[in-house]
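There are 2 protein chains.
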Amino acid sequence: MTHDPVTPRGIPDATVARLPVYLRALSALADRGIASVSSEELATAAGVNSAKLRKDLSHLGSYGVRGVGYDVEFLVHQIGRELGLTQDWPVAIVGIGNLGHALAGYAGFASKGFRVVALFDVDSTVVGDVVAGLRVRPLADLAALAGTEQIAIGVVATPAANAQDVCDRLVAAGVRSVLNFAPCVLSVPDGVDVRKVDLSTELQILAFHEQRKAVRDLVGPLDELGARVAR
Amino acid sequence: MTHDPVTPRGIPDATVARLPVYLRALSALADRGIASVSSEELATAAGVNSAKLRKDLSHLGSYGVRGVGYDVEFLVHQIGRELGLTQDWPVAIVGIGNLGHALAGYAGFASKGFRVVALFDVDSTVVGDVVAGLRVRPLADLAALAGTEQIAIGVVATPAANAQDVCDRLVAAGVRSVLNFAPCVLSVPDGVDVRKVDLSTELQILAFHEQRKAVRDLVGPLDELGARVAR
DNA sequence: ACGACTTTGTGCGCACGTTCACAAGCGCCT
DNA sequence: AGGCGCTTGTGAACGTGCGCACAAAGTCGT
Ligand SMILES: NC(=O)c1ccc[n+]([C@@H]2O[C@H](COP(=O)([O-])OP(=O)(O)OC[C@H]3O[C@@H](n4cnc5c(N)ncnc54)[C@H](O)[C@@H]3O)[C@@H](O)[C@H]2O)c1
Ligand SMILES: NC(=O)c1ccc[n+]([C@@H]2O[C@H](COP(=O)([O-])OP(=O)(O)OC[C@H]3O[C@@H](n4cnc5c(N)ncnc54)[C@H](O)[C@@H]3O)[C@@H](O)[C@H]2O)c1
Chain G
3 MTHDPVTPRG
13 IPDATVARLP
23 VYLRALSALA
33 DRGIASVSSE
43 ELATAAGVNS
53 AKLRKDLSHL
63 GSYGVRGVGY
73 DVEFLVHQIG
83 RELGLTQDWP
93 VAIVGIGNLG
103 HALAGYAGFA
113 SKGFRVVALF
123 DVDSTVVGDV
133 VAGLRVRPLA
143 DLAALAGTEQ
153 IAIGVVATPA
163 ANAQDVCDRL
173 VAAGVRSVLN
183 FAPCVLSVPD
193 GVDVRKVDLS
203 TELQILAFHE
213 QRKAVRDLVG
223 PLDELGARVA
233 R
Chain Y
3 MTHDPVTPRG
13 IPDATVARLP
23 VYLRALSALA
33 DRGIASVSSE
43 ELATAAGVNS
53 AKLRKDLSHL
63 GSYGVRGVGY
73 DVEFLVHQIG
83 RELGLTQDWP
93 VAIVGIGNLG
103 HALAGYAGFA
113 SKGFRVVALF
123 DVDSTVVGDV
133 VAGLRVRPLA
143 DLAALAGTEQ
153 IAIGVVATPA
163 ANAQDVCDRL
173 VAAGVRSVLN
183 FAPCVLSVPD
193 GVDVRKVDLS
203 TELQILAFHE
213 QRKAVRDLVG
223 PLDELGARVA
233 R
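Keeping their order, the protein sequence lines are chains G and Y.
According to our numbering, the stretch in the first sequence is residues 3 to 233, in order.
According to our numbering, the stretch in the second sequence is residues 3 to 233, in order.
It cannot be assumed that every hint is accurate.
For chains that are exact copies, the list does not tell them apart, and a pair is met inside one copy or across any two.
As the list claims (entries may be wrong) - Quick list of in silico lysine-lysine cross-link-like pairs, DSSO-like style, CA-CA up to 30 Å:
1. Lys57 <-> Lys198
2. Lys57 <-> Lys114
3. Lys57 <-> Lys215
4. Lys114 <-> Lys54
If you are wondering where the hints come from, they were derived from the structure by calculation, not from laboratory data.
Whenever a hint applies, use it, and build me the whole structure from the sequences.
Below, the structure written as structure tokens:
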């Protein structure tokens, strides 16, 4: 199923999800010429508790120096290696509509070793266009391309109605990691990971808490129940 | 404080995060004319365990009928009410670049009561343009608009370098829910919720697992004794 | 009317994640 | 060299979430 039961020996999922945040904070520090950082400082920059940060980093190894902190550049390298950023990851985007255009042109991809190698669509008015320096290909070419160049990550940016079909084709082409922007559940065979980015869900979660806050404002200081902040 | 078996109105965060998924699955069922659904069917459609689904729904109340299942339309209404979708949520988008354009034109907003009421940017080549039927305003107008029409949710789609400043202005304008697309940590005062959508993080998490899978494929079949490779 | 069948709602044990608090370790200063 | 101050790494307590398994509660057929 979509669930990933085993994180082999090692790093908890919750930690893995935070490593990119640490990496970004560390990169920012490195850019500012800062060579060393304490867990307290880095935790603040990453928006987490310092104990959690230390425990997270301890899963990678004992890379800190007691009494001093962590070497920024070294830690950048270690986290990058753990996340697999030392190698290039070829990415294909399927569905070059509003969102697909934005994604194809997104510089944030390349900065971490993600290289957009192919764009696909079915709409004949889009196919053949050059977007962000790449020609949009017909979806039918996906199978052929898979033989030439292995695609590591497939991005689904089509309407929800077509997402499962697109996903199936990606999987058939050997893709084992899918990032899904369509608002639907994708089912994939074992061994394939799907992560979804769901704008609508995020907004609804915000709305829930917003409504909660409105109610709390009415009841106000009379209510002794603790305020909860979304995470 | 004693641990009461029945907490009045507290819905776990994990449940809140799944309600939009259930809602979407239910809406799809309703569109297909299906009036009633079992927890097993709905759970499959939503990609979760059926026991988890039932427990989630039980937090809203006892809306199911034993031996039968849940009334689809009724449940849509209840979940929508709980999430606050019965009311309109005015949304403002700041940063009308690649991503901001896509967001402004996204139909998925309106379908759940999220109404984009204002677009902001600082770039004079963008300000004044009409995007998705709305004129892009200078960011300076934000404070003025806040007096006229309350903005419930602010969407940050500017580069990371400007995100904190934009966020501060949104908060100053009375916004208490922020959806952040910029790859950075936003700090906000108590009472303000921030959720972030981070494409780069998602890709890095996928890369981590992809790398893990690659290693497992190499070692996998031989690994019976849990060989731990020293680094 | 009643029993067989279906499905909900939930108690319970377990695993995971978070936070506190502190000993162990390191550099620096005298 | 040795003490001092600082920071890491982690044991332990705590909280949250997950899923099994089952009794309770309803429907349906006869
Ligand atoms: N635009 C946004 O801001 C936004 C935000 C969040 C989620 N989404 C979701 O992302 C997806 C794309 O959104 P969009 O606004 O870009 O829509 P869009 O309609 O602008 O683009 C969809 C593109 O997918 C192509 N397509 C359709 N079927 C296809 C198929 N079978 N194979 C390949 N390509 C196919 C279409 O030709 C079109 O170019 C949708 O599921 C949408 O719900 C969009
Ligand atoms: N394009 C994508 O697919 C994508 C995906 C994920 C995340 N992001 C992130 O979303 C953000 C926007 O991405 P983009 O591709 O649209 O960038 P972009 O450069 O195309 O657009 C940014 C827009 O923000 C405006 N802006 C800059 N400073 C501002 C300020 N202080 N106030 C108001 N507006 C301001 C700019 O004028 C520009 O129009 C970035 O942080 C990016 O990292 C983008």
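Going down the list of hints, with the structure as the test:
Taking the shortest Cα distances, Lys57 and Lys198 sit within 30 Å of each other both inside one copy (27 Å) and across copies (23 Å). In this assembly of identical chains, Lys57 and Lys114 lie within 30 Å of each other by CA distance solely inside one copy; the values are 24 Å within and 40 Å between copies. Within a single copy, Lys57 and Lys215 get their C-alpha atoms only as close as 33 Å, which misses the 30 Å cut-off; across copies the closest is 24 Å, which meets it. Proximity of Lys114 and Lys54 under a CA criterion of 30 Å is satisfied intra-copy only: 24 Å inside one chain copy versus 36 Å between copies.
Consistency note: the structure conflicts with none of the earlier hints.
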